[in-house]
Structures are given as structure tokens and as C-alpha cells.
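A.B. asks: Residue-level listing of the chains:
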Amino acid sequence: MRRNFPVWAVYGLGFVPAVAAFGAGLSGLSGPDPIRALEQSLGLWALRFLLAALCVTPLRRFAGVNLLRYRRALGLLSFYYAALHFLAFIGLDHNFDWAEIGREIVKKPYAFIGMACLLLLIPLAATSSNGMIKRLGAKNWTRLHRLVYPAALLAVAHFIFAVKSWPLEPLLYAGAAVSLLALRLAPKKSRSLEQAGNA
Amino acid sequence: MLIRVSTDRPVASSEITPRAAWLNRRDVLGAGAALGLGFAGVSATAAPTPRSPLSTDEKPNRLSDITGYNNFYEFGVGKSDPAANAGRLKTRPWTLRIDGLVDKPADYALEDFLKPLTLEERIYRMRCVEGWSMVIPWLGFPLADAISRAQPQSAAKYVAFETLYRPDEMSGQRGFPRIIPWPYREGLRLDEAMHPLTILATGLYGEPLPNQNGAPLRLVVPWKYGFKGIKSIVRLTLVAEQPPTSWSMIGPDEYGFFANVNPNVDHPRWSQATERRIGEGGLFAKRLKTQMFNGYDSVASLYSGLDLRANY
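Protein chains in written order, with UniProt numbering: chain A, 1 to 199; chain B, 1 to 312.
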């Protein structure tokens, strides 16, 4: 069943929240502040897809579930949502007022953390193709793509800095991100043992 | 600028807008059959409200915006949480305590307290510290009337306010992590409290205040950020020293005691230069420039000599 689920369907389903959020905003179904609703929804989905991509390795290692073929789609979806989130921020939220946007990004932690996170995701998205993996070589490619770890931490920090006080939701996402990264620190058993365990 | 205190002069009957016209002006009757019926039911008995010269002539937000988009953390941190959860709050009976440095401290049953007061409509801009704003037709009375009745002593320099603490009915007060050290507290300098723009509201759009907007009694200080407008007030205490206020207890470098709307002093987390008027323009709404004191220039004299950058 899992093997038969096509990758393109992940992209197809992955864009449903974006279409739904934009549609809800246009039709007035997303409440009195549709811009904020759309902006927040896009950002939240960027974070969810990022965490989903980070689940692939621990699932393979600790649960024996191999979703590796969907990881690129999850990572790219995260990037697309982050880019849309940024577009909503500069276009809808700030009406392309570059002076104010620039000031906000330079002076406000939530904005420059978010910006830094998006900048980290760009080289990852740009090198996501099979061709690029070949060109970089597996070792370099793997090294470069470790940028996803700081990106995940920046993403949850961005969320925390964008809200008042310490509400639960961003803390839960932060906990999930830290846990997913911490799982990678677990000592590796020898390859043969791990494979035996997974068999 | 001189402010005419509207309660001091009788209102000519020609100035009184008939209730039906007043409702039509805001297109409320078209908002839905249920609402329309609700209003029709009470319109026969309610008296028309005098129009205050302190009101803005900007177009008020739709009732659904005002009652569906709230920050009232006693009922959750989401904007629609208060509308969903505030129904459990029982606002009758309600006791209002006025104490501290006053000659006549008392526990009032709210109905008794309100009986001698004349309610008037005040259409005010409301600017949230988060960068959005609304225009709200409050129904209320000057806070000065309430304070005067308690006869403050000369040592009284500040007013401290407290919201109800009743976790059984206020789900947000049971929430984890604790967003606010309950009960919610606010405060004003006595001259701010006595300013004619400062009101205690008991209603909006000519109807009793919905719970999610701070029923049965809330503070409205239109030149300050919205969080100063403490809701569901149970206590008002006259004090000599500046009282602690909830948001400045949580983040003293983010939220000051004064919290005057000021486009030149940023919140550390976001700019305060502009705001988005809720309910206008949909997905492609343009931001408005935020005005000093939210456009209520007459209050500037309260702060002459005060460094508003240090006293944010």
C-alpha cells in the first residue's frame, strides 16, 4: 500500500492546505483578519512539512518504516510553503512597503530569524534534484543538507518570537523539533545489527 | 484641544438618532435573520442613545468582527476562542468592589451600581498591540463617574483593576502553560482614569456586552493599546503607588504601564508604525499609518514632560 502511494500524490495533497487557505481568505471564510490567517496557515504548514521530512530518518532507524522516497517531496513542500509565507508577509501583510519590511527584518528577531530560516532552505531546495546530488557527490550533498537542522530550530524560534507570552502551540512544535534532532544523536549501532533489527 | 464633557450638558432631542435609523446606518439588520429578530425584540423598550461628540465618525466594524475576533486569554489564546468558550461565564449576579484610598468603599451589586448612571454610546478606535485595529460602538459611562462616587482620598494617585478569577467558568485560567499570572490586572494613573475619554463599557451596538467582549463591565481607554482595556472587572482599587499590571509583569521590556498607542516606539517584537483595520479590504487590505495616541490628541497634555520612549 505504502509502496504504491505515488510521490506526485504527496505534492498534490501537500498543496491542498495552501489552496484551501487562499480560497478561505478570498471568500471571507477565514475570519475577520484573512491576511493574518493565510500568513499563519502557510507558515504553520511550512513548519509541519519540515518536521515531517525530519521524521523520515528516525522512522527508518527506530521503527523500520522506510519513507525515504517521500522525503524530497516533504522537504520541497516545506520550502514552497515557507516561500509563500514570505510572499504573504511582504505582499499581503506589508503591501510591498520595502522600507518597513527592511526595518522589520533587520530590527525584529521574529522577522530576521524567519528570514534566516528561509535563506537556509534555498540551497537545500536548489540542490534537491537527482542531478544535483550526482554533481555534488553523496558526501557533500549530505553535508550541505545538514542545514535542515539549524533551519528547523530557526523555524520554531521564529514561531515563538512571533507570539505574545508563552502559549502552548509553538512550545509543542519546538519540543517536536528538538526531539527529532536529539534522536539523531543516539549512538549508531553497527550497520549489520541495525539491518538485522529492521528485517 | 478642549474637550466638551458630554454628560454635563443635556442632549437636544434633535441630536438623538432614532434607533431604527441608527441600526440601519450600520447595516446590522441585514446581518442575519436571527440577529434581526433579536434586535426587533428589544427595540420597543430600549431608549435611543445620545450621540457623543467624543465619538469618531469612522465606520464601525461589523458586530461579527467585534464579537468573533478577541484577545481574552481567560478563554483561550486563539482569536476565536473567547467567542467559543465565554458562554460558560455567569455574569449574574455580579459584584463590583470599589476600595482602597476612598471614603466610601463598597461592594456593589452591579445592577444597583449601574442604576443611577446614564449610558451613552462612544464610537472609538481600538488599536491592538499586535498591529490591528477596529472601530467599536461601545455603550458605557465615564470611569470618572464611578470613581467620584467612591470619593477618592487625596493620597490616591492610581486606580488598579482586577478581572474575575473563576477557573470553573474561564477555561483559559485552567490552561497550561499559564499565560498570565491570574487574575488579569490593569491600572491607570488617576488623571488618565478621570479623563472624559475613559469609559467603563457595559454594551456595544446598543446591546449588553457579549461575554467574549468583557461582560458585564470592561474598561475602554481608546488612546492606549487594547490590552489596557481590562475585561469582566470585579474590583477597582484606588492606590498611592503605580500598581502592577499583567502584561508588564510578564514582559516588562515589552509592555509598559502606560501602553499609549505610539507609532514611534516599537514593540520589541514588531513595529508599531502601521496597523491593519480589521474587516476592510479582505485578503488585499492596505495597512493604515498608526496615529500618535491612536488619534486622540487631546490626551497629549496628560504626558507633557514625560519621556514616552522610556515610559512606553
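Among the hints, erroneous ones may be present.
As the list claims (entries may be wrong) - Facing chain A, according to a computed beta carbon distance under 7 Å, are these residues of chain B, among others:
1. R269
2. W270
3. L283
Unchecked claim - Within a straight-line C-alpha distance of at most 35 Å, the following computed DSBU-like cross-link-like pairs (lysine-lysine) qualify:
4. A:K108 <-> B:K79
5. A:K108 <-> B:K286
6. B:K59 <-> A:K108
7. A:K164 <-> B:K90
8. B:K286 <-> B:K115
9. A:K107 <-> B:K286
10. B:K90 <-> B:K157
11. B:K104 <-> B:K90
12. B:K104 <-> B:K115
13. B:K157 <-> B:K104
14. B:K289 <-> A:K107
15. B:K90 <-> B:K115
16. A:K164 <-> B:K115
Bear in mind the hints are in silico, worked out from the structure with no lab data behind them. Please read all numbers here as calculations on a predicted model, not as lab measurements. No residue lacks a Cβ here, since even glycine has one placed at the ideal position from N, Cα and C.
A.B. asks: With reference to the structure, classify each hint as holding or not holding.
C.D. replies: Structure-based check of each hint:
Look at R269 (chain B): its Cβ gets to within about 6 Å of chain A, closer than 7 Å, so that hint holds up. Annotation: W270 (chain B) was flagged as interfacial toward chain A, and the flag holds, the nearest CB pair being 6 Å apart, inside 7 Å. For L283 (chain B), the interface hint holds, the least distance from its beta-carbon to any beta-carbon of chain A being 4 Å, beneath 7 Å. At roughly 23 Å between alpha-carbon atoms, K108 (chain A) and K79 (chain B) fall within 35 Å of each other, so this suggested pair holds.
This hinted pair checks out: K108 (chain A) and K286 (chain B) have alpha carbons roughly 21 Å apart, not beyond 35 Å. Proximity of K59 (chain B) to K108 (chain A) is assessed by CA-CA distance (about 33 Å); at most 35 Å being required, the pair is judged to hold. Simply put, K164 (chain A) and K90 (chain B) have alpha-carbon atoms about 28 Å apart, close enough for the 35 Å limit, and the pair holds. For the hint pairing K286 (chain B) with K115 (chain B), the CA-to-CA distance comes to about 43 Å; that exceeds 35 Å, so the pair is violated.
Between the alpha carbons of K107 (chain A) and K286 (chain B) the distance comes to roughly 22 Å, so the proposed pair stays at or under 35 Å and holds. Proposed proximity of K90 (chain B) and K157 (chain B) is supported: the alpha carbons are some 33 Å apart, at most 35 Å. Restraint check for K104 (chain B) and K90 (chain B): the C-alpha separation of about 27 Å stays at or below 35 Å, so the hint holds. Between K104 (chain B) and K115 (chain B) the CA atoms are separated by roughly 18 Å; this keeps the pair inside 35 Å, and the hint holds.
Pair hint K157 (chain B) plus K104 (chain B) holds up; C-alpha atoms about 16 Å apart against a cutoff of 35 Å. For the hint linking K289 (chain B) to K107 (chain A), the alpha-carbon distance of about 19 Å falls within 35 Å, and the restraint holds. For the hint pairing K90 (chain B) with K115 (chain B), the CA-to-CA distance comes to about 20 Å; that is within 35 Å, so the pair holds. With a C-alpha separation of about 38 Å, the suggested pairing of K164 (chain A) with K115 (chain B) is violated against the 35 Å cut-off.
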